Amino acid sequence: MDFLRDPIGFVIQWYVFWLGGLGLPAVWVELIAQLTGALVLATGAMLFVVFLIWYERKLIGRIQDRFGPNRVGPWGIFQPVADMLKIFTKEYITPIGADKITYNLAPILAVAAVLLLWSVLPLSVTVVGADLNVGLLFLIAVGGLGEMSYILAGWGSNNKYALLGAFRLVAQLISYEVPLVLSALVPVMLAGTLSVTGIVQAQEDVWFIVAAPAAALIFFIASLAEIGRSPFDLIEAESELVAGYNIEYSGLKFGMFFVAEFLHAFTVSLIFATVFLGGWRGPGAEQIPILGFVYLMLKTFVVYFVTILFRGTLPRFRIDQMMNLNWKVLTPLSLALIMAMAVVGGLTRGLPLFWQVLAYLLVNLLLLAVTDQLMRINQRKRARFNLAMEMGRGILTTSTKHGTGE
Amino acid sequence: MLGNWLYIGIFALVALMMPAITILIAGILAPQRPDPIKNSTYECGVETVGPNWTQIKIQYYVFALVFLIFDVEAILLFPWALAYQFLPLYAILEGVLFLLILVAGFLYIWRKGALEWF
Chain A
458 MDFLRDPIGF
468 VIQWYVFWLG
478 GLGLPAVWVE
488 LIAQLTGALV
498 LATGAMLFVV
508 FLIWYERKLI
518 GRIQDRFGPN
528 RVGPWGIFQP
538 VADMLKIFTK
548 EYITPIGADK
558 ITYNLAPILA
568 VAAVLLLWSV
578 LPLSVTVVGA
588 DLNVGLLFLI
598 AVGGLGEMSY
608 ILAGWGSNNK
618 YALLGAFRLV
628 AQLISYEVPL
638 VLSALVPVML
648 AGTLSVTGIV
658 QAQEDVWFIV
668 AAPAAALIFF
678 IASLAEIGRS
688 PFDLIEAESE
698 LVAGYNIEYS
708 GLKFGMFFVA
718 EFLHAFTVSL
728 IFATVFLGGW
738 RGPGAEQIPI
748 LGFVYLMLKT
758 FVVYFVTILF
768 RGTLPRFRID
778 QMMNLNWKVL
788 TPLSLALIMA
798 MAVVGGLTRG
808 LPLFWQVLAY
818 LLVNLLLLAV
828 TDQLMRINQR
838 KRARFNLAME
848 MGRGILTTST
858 KHGTGE
Chain B
12 MLGNWLYIGI
22 FALVALMMPA
32 ITILIAGILA
42 PQRPDPIKNS
52 TYECGVETVG
62 PNWTQIKIQY
72 YVFALVFLIF
82 DVEAILLFPW
92 ALAYQFLPLY
102 AILEGVLFLL
112 ILVAGFLYIW
122 RKGALEWF
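Chains as they are written, first to last, in my numbering: chain A, 458 to 863; chain B, 12 to 129.
Listed next, the in silico DSSO-like pairs over lysine-lysine satisfying Cα-Cα at most 30 Å (straight line): (1) Lys617/A - Lys547/A; (2) Lys68/B - Lys785/A; (3) Lys547/A - Lys515/A; (4) Lys617/A - Lys557/A; (5) Lys557/A - Lys543/A; (6) Lys49/B - Lys547/A; (7) Lys557/A - Lys49/B; (8) Lys785/A - Lys838/A; (9) Lys617/A - Lys543/A; (10) Lys49/B - Lys617/A; (11) Lys123/B - Lys785/A; (12) Lys49/B - Lys543/A; (13) Lys838/A - Lys123/B; (14) Lys617/A - Lys68/B; (15) Lys547/A - Lys557/A; (16) Lys68/B - Lys123/B; (17) Lys557/A - Lys68/B; (18) Lys543/A - Lys515/A.
Which bits of chain B does chain A cover? Going by a derived footprint, with three or more residues having C-beta under 8 Å, they are: (19) 32-41; (20) 71-84; (21) 98-112.
Worth flagging that the hints you see were computed from the coordinates, not collected in a lab. Treat the numbers as computed from the prediction; the structure is a model and nothing was measured. Ideal Cβ positions, reconstructed from N, Cα and C, are used throughout, including at glycine.
Excised from the complex, chain A in its bound form (with noise of 0.2 Å):
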């Protein structure tokens, strides 16, 4: 193996056979291989937050017509790690009444569950972590997780706003959590495989961003949900609950949510591009494995690019306009949307994959316009009824003012 192409693959092959000349048995050999390489990509990937706190920031800065960090190193670069060294030193305040167990271990698993969902995504043609044969599934699992931490801190915290942004979380976590399964239906089908390094390798000859627009845009959404961030960001809205859940933590126990949600964010990111993305599929990824993943970060970082766009742009939901888009919109529309696929695919099966993709493409946008049709008139229908509302309470407002005479 060329060293020049596959940098990463030829350093692991290497490590292994390394160990293996050592004179251990096959057994350790393997086994302190993947503890190294479980390692390597769990601290690589927690290092990794400290640049996305400055991208994001950056970003986020200029979005506000504001420079964003720019005093600490070049364009401001170090100052995560500035931050990271102050929040080091800062005391840890454990309320009154915690419930030490569960206030503890939170923290600890929410960074978890995020760095869990590496294990499994395929970085280039030579560098998987595990190819599970039930990868997604896996995905979904472990992303679910996340949500524990979270009622764990608000439940432990001993706090009032602690609780109700736990509860209102949970509700929208799992609410979200619903599109988030059906949508990932389609890739599944349209694979025939739930493991992800199969899924990437499905994508060949077409992304499924291309044969499944509406898929994509559902999973999209819903994902953006389950990580909590603006628009979705009730969950810890400032002006409402102060913090929400993780409104009694302070240090570094504050920092590791702040860590989980970066990562959880990105990590996301990566999740879209590998499995509606195409992940390592590219031009010359197959001979050339560093190209692959430089594609896939490439591809990663545009979906993260449009995450902090929706933040820096959407103001937040109400409560209960969250719920509606997920349950009036999005449920129905995956539902309706899987069975669409499945007798589309069953149709067509026979013809070649042009008219396949092609006739699954026309299905999907011709959903996604009566969804925004029906949308629409929805839409109408309720500004018709607040009119009325208003009407009625102009009314009652005169008729009251003349009854008291003034």
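Please build the complex by placing chain B on the supplied structure of chain A, with the hints as guidance.
What follows is chain B alone, placed relative to chain A:
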């Protein structure tokens, strides 16, 4: 396959240890000067009234129940989606029929007003 799950297990341990050790190190570095006022529950400067583990609106449980139905159904649908490419048309239609029954239940929930947030 077993090696893969071993890797997942090792990764889970590492992922749990990583933040735990970081928090421990920070705990050693950081000062510890607790006092009763500092440690009291935060509530906008006033003292907390009543118990902090309060009752929560019933609405949350309704949504949790609806979620449960959909989650179980999704687990049932994954094998169908996995085998989808090898299924004959009638098996696909059977899956669609299953989804239609689910949609009927969903519409019932909707009409009952369980999806309204008030």
